[in-house]
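Start from the sequences, fold in the hints, and give me the full structure.
Counting in the UniProt record's numbering, the sequence shown runs from 1 upward without gaps.
Please keep in mind that the hints were generated in silico from the structure rather than gathered at the bench.
Okay, derived cross-link-like pairs now, EDC-like style, lysine to aspartate or glutamate, Cα gap no bigger than 20 Å in a straight line:
| no. | residue 1 | residue 2 |
| --- | --- | --- |
| 1 | Lys156 | Glu188 |
| 2 | Lys182 | Asp154 |
| 3 | Lys159 | Glu148 |
| 4 | Lys200 | Asp170 |
| 5 | Lys224 | Glu118 |
| 6 | Lys224 | Glu162 |
| 7 | Lys212 | Asp175 |
| 8 | Lys151 | Glu113 |
| 9 | Lys159 | Glu202 |
| 10 | Lys46 | Asp237 |
| 11 | Lys293 | Glu43 |
| 12 | Lys200 | Asp154 |
| 13 | Lys185 | Asp167 |
| 14 | Lys182 | Asp170 |
| 15 | Lys159 | Glu114 |
| 16 | Lys200 | Asp173 |
| 17 | Lys226 | Asp175 |
| 18 | Lys172 | Glu118 |
| 19 | Lys212 | Glu188 |
| 20 | Lys159 | Glu113 |
| 21 | Lys224 | Glu113 |
| 22 | Lys182 | Glu202 |
| 23 | Lys264 | Asp333 |
| 24 | Lys224 | Asp173 |
| 25 | Lys224 | Glu273 |
| 26 | Lys200 | Glu162 |
| 27 | Lys149 | Glu114 |
| 28 | Lys169 | Glu202 |
| 29 | Lys135 | Glu273 |
| 30 | Lys226 | Asp173 |
| 31 | Lys172 | Glu202 |
| 32 | Lys172 | Glu277 |
| 33 | Lys135 | Asp230 |
| 34 | Lys224 | Asp170 |
| 35 | Lys265 | Asp333 |
| 36 | Lys151 | Glu202 |
| 37 | Lys151 | Glu189 |
| 38 | Lys149 | Glu113 |
| 39 | Lys265 | Glu43 |
Predicted model only: the values in this text are computed from it and were never measured.
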Amino acid sequence: MSRRALTLLLAGFLVLAFGVAGAFRPVPYVVLSPGPTENTLGELEKKPVIAISGRQTYPTSGALSLVTVAYQGGPAAQIDLLTALRGWIDPDVAVVPQETIFAPNRDPKEVEEENTVEMTNSQDSATAAALNELKIPYSMVVTVVSTEKGKPADGKLLKGDEITTIDGKDAKDVDIVSSTVKAHKPGEEVVFGVLRGGQKIEVPLRPIAGPKGQPQVGVLMQTKYKFPFDVDINVGDVGGPSAGLMFSLGIFDKLTPGELTGGKKIAGTGTIEPTGEVGPIGGIQQKMIGAKKAGATVFLTPADNCGEAVQAAPDGLRLVRADTLHAAVQALDALRTGAGNVPACPS
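Here it is in structure tokens:
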């Protein structure tokens, strides 16, 4: 073998070796794919997804399914380049930069805890929205879930504390507490009125500047509702707030005579506010694919997601725009009866 041929052979081997080694190098991307769907009117592991006790319920049929997105990757388990490349050529998945899912310098366990809290808040907000739609009264309190080490609230606000006031104003929900803290400058005192162990106390804190300069005290809060009957939602390991609309519809259907779906398989997504407003979510393409694979023919879509949904909707999946819980109920009534307007995502 000539020296030139030997050189080319060696160079080719080195290129191949480096290519193979590079293919298995970790990369800071996350692969998003269609996750499992769960029928909120059905069961999960032989338990009702939505169980209501202390109030009359009614038979249901069909499906009101929440949809999820599964992911590979993250700071604790980065994917390799080969996995990312496979994702880029698969039309059913998306490959996104790691920081779009996991904020820089955030502990993955902290992110997981936050997702769990968001799911719990979503379930409570969904119950509140359904009860508001049905004109059933309830009350609520803001509680402390955890505090961040080294931040002003660390050791001063405790897990389980009920925040009753903030600067003397009623702390009716988490947004009021957060907006009041943000109205201060870093270093200005903000006073938390707290119910702890049955005793009312005041906890003064001085916010510090966050990463973007906004004031923060380092407390993770949750609005807890006091409902007149028990609503237990069982979804296993699903996290995040995007199933709120479907929880609300499932609760509403169980608490009202008749069958909201008319026997159809309905899927959908969207965050929910206690007032019934439906908010946007991420991963709409993967969620629609998951819905279609689960047999859904109708997909309830938040208004702010309509544009991207229209571009990627699978054939045979009808997109129905859902601005509010009330509008979603009306749309399902119209689909079932054939009378009335069914709002669609504009093409």
